[in-house]
Structure formats: structure tokens, C-alpha cells
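Trainee: Sequence:
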Amino acid sequence: MGRLHAELSRLYLCPPAGDRDAVDDSRLIDANGLTRALVLGLAQPADWDAMSRVWQGVQADLELPAPAIAVCGADGYQLWFSLVQPVTVAQAHDFLERLRLRYLSTVAPRRITLSPGPAGHTRLVPALQADTGQWSAFVSSDLAAVFADDPSLDLPPGEDNQADLLSRLKSMKPAELEAALERLQPEETLPPASAPSTKIRHAPQDPRSFLQAVMNDASVPLALRIEAAKALLIDPQSR
Numbered sequence: 480m481g482r483l484h485a486e487l488s489r490l491y492l493c494p495p496a497g498d499r500d501a502v503d504d505s506r507l508i509d510a511n512g513l514t515r516a517l518v519l520g521l522a523q524p525a526d527w528d529a530m531s532r533v534w535q536g537v538q539a540d541l542e543l544p545a546p547a548i549a550v551c552g553a554d555g556y557q558l559w560f561s562l563v564q565p566v567t568v569a570q571a572h573d574f575l576e577r578l579r580l581r582y583l584s585t586v587a588p589r590r591i592t593l594s595p596g597p598a599g600h601t602r603l604v605p606a607l608q609a610d611t612g613q614w615s616a617f618v619s620s621d622l623a624a625v626f627a628d629d630p631s632l633d634l635p636p637g638e639d640n641q642a643d644l645l646s647r648l649k650s651m652k653p654a655e656l657e658a659a660l661e662r663l664q665p666e667e668t669l670p671p672a673s674a675p676s677t678k679i680r681h682a683p684q685d686p687r688s689f690l691q692a693v694m695n696d697a698s699v700p701l702a703l704r705i706e707a708a709k710a711l712l713i714d715p716q717s718r
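Going by the working numbering, the sequence shown opens with residue 480, and the numbers climb by one from there.
Please keep in mind that the hints were generated in silico from the structure rather than gathered at the bench. All C-beta atoms, glycine included, are put in the ideal place defined by N, C-alpha and C. A hint or two may mislead.
[Unchecked claim] Computed spacing ranges between beta-carbons, pair by pair:
no. : residue 1 : residue 2 : range
1   : Leu-634   : Ser-584   : 17 to 25 Å
2   : Ala-627   : Ala-485   : 26 to 34 Å
3   : Ser-584   : Ala-697   : 37 to 45 Å
4   : Leu-701   : Glu-542   : 25 to 33 Å
5   : Ser-505   : Arg-482   : 17 to 25 Å
Just need the whole structure built from these sequences, with the hints factored in.
Mentor: Spelled out as C-alpha cells, the structure:
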């Protein structure tokens, strides 16, 4: 097994089934529906400014290992998150959806892909994209912005270069994933509390003015307003 295949296996692939040890898309999800590769994609157009918010945020805010950055060979970027222990497709989607809500909430959902999904996983990188004739590839963070206009390669990337990029990455431990999910928990929004009426509180405290304030305050129960009106009618000081 070459260095690139070794790094892909270390970071993203599930153990091979039986004697089959091929390094390909089939190992991104195992026979039990578990995956170690969580991929967030942003395209149409490729926008590194937006994607870099995620890449930087997961490290600075969530204290997670840096995900790999990839150009998809067509029209977008991908962030590849690696897990030490595989999770279900539903758990993977939940994590990625929380990232989307935290860092890409202003981006149209149609531009974002969360993989794996109901239709399966994305393609392993690097790979030739049949629909464009271009190659996907992992890229370094300092070069990512260079690919904004054309997030692809004309030729296959060098395997040693790809292996070097991946060799610097670490997988997310279960405790790190759990802590990140906790921090990404949507905040409950409570309805704004009704502002207490200040009409009576700040009203003049002489009896007549107080009773008039009560009578004219729509927030005061009707029965009390009626009593105030009666008091005004019989209070000698109110005449």
C-alpha cells in the first residue's frame, strides 16, 4: 500500500470487508452503515471566504483537529473531517448540519452538501470527475483561496504531495466530537417578556391622579378600573 492509500485509510476509511483491502469509495461507509469521514461541501460558486469560517471556527471555537481541505474538481470546496470511531450516517449528518447552522446560516442551503446523506457518500479524493474531466485534490490552507475561480486540477495531483498534506492531520476523538456537539447545541429562543406597565408606577401619587391612572390603564383588570372610576365619583377631593 502506497503512502497516500495509507493516509486515506488512517483518516477516512472503514476497515475492509473480508480480504478486500481496496482503497476506494466503498470503504467510506461500512456494511453496518457507519462512517469515519464527514464531508461538508460548498459550491456554486466556490467561496473560500465562507468555507474558511468553518475551517477556522472548528479549530478556534470547538477545539477540533483541522479538517482536510479539498477542491472537488467541479465548482466547490470540501472539508473532510476524520473520526477515530465511526458513527451512523444520521449522527454524521447531525454534526454537519450543526456546523452549517453555526457557520454558514446565511448561505443558501442548495449550495451546501452534507455527506454522507440518504443517497450515500461523496467520492474519495483525489479522483477524476467524469462530468468535468478535472481532478479533485486535497490542498493546503494557504493555497485554498487560489482555487476560488477554478476549484479543480487539470492533471492528477502527485500522490506524495497528497500524502504529505494528510499526514499532518489528526482524527477527532469521541470525547472531542461529543464536546463539539454540545457546543453546537442550538440555543433555545424564549419569547421576549412583556414589559411591565409603568403607567401606575410612575404616576403622581396624589389620590386623584392615582385613581385616574388606574382607570385609564388598559393593562389593569376591568373590575379594578371600574372601582377606581367609582372612587373618583364619590371622592370629595376629586370634585
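Trainee: Now look at each hint and say whether the structure bears it out.
Mentor: Evaluation of the provided hints:
1. Leu-634 x Ser-584: 17 to 25 Å: violated (37 Å)
2. Ala-627 x Ala-485: 26 to 34 Å: holds (31 Å)
3. Ser-584 x Ala-697: 37 to 45 Å: Hint holds: Cβ distance 39 Å, inside 37 to 45 Å.
4. Leu-701 x Glu-542: 25 to 33 Å: For Leu-701 and Glu-542 the Cβ distance comes to about 57 Å; the hint is violated.
5. Ser-505 x Arg-482: 17 to 25 Å: Distance hint for Ser-505, Arg-482 holds at roughly 21 Å.
When each numbered hint is compared with the structure, violations occur for hints 1 and 4.
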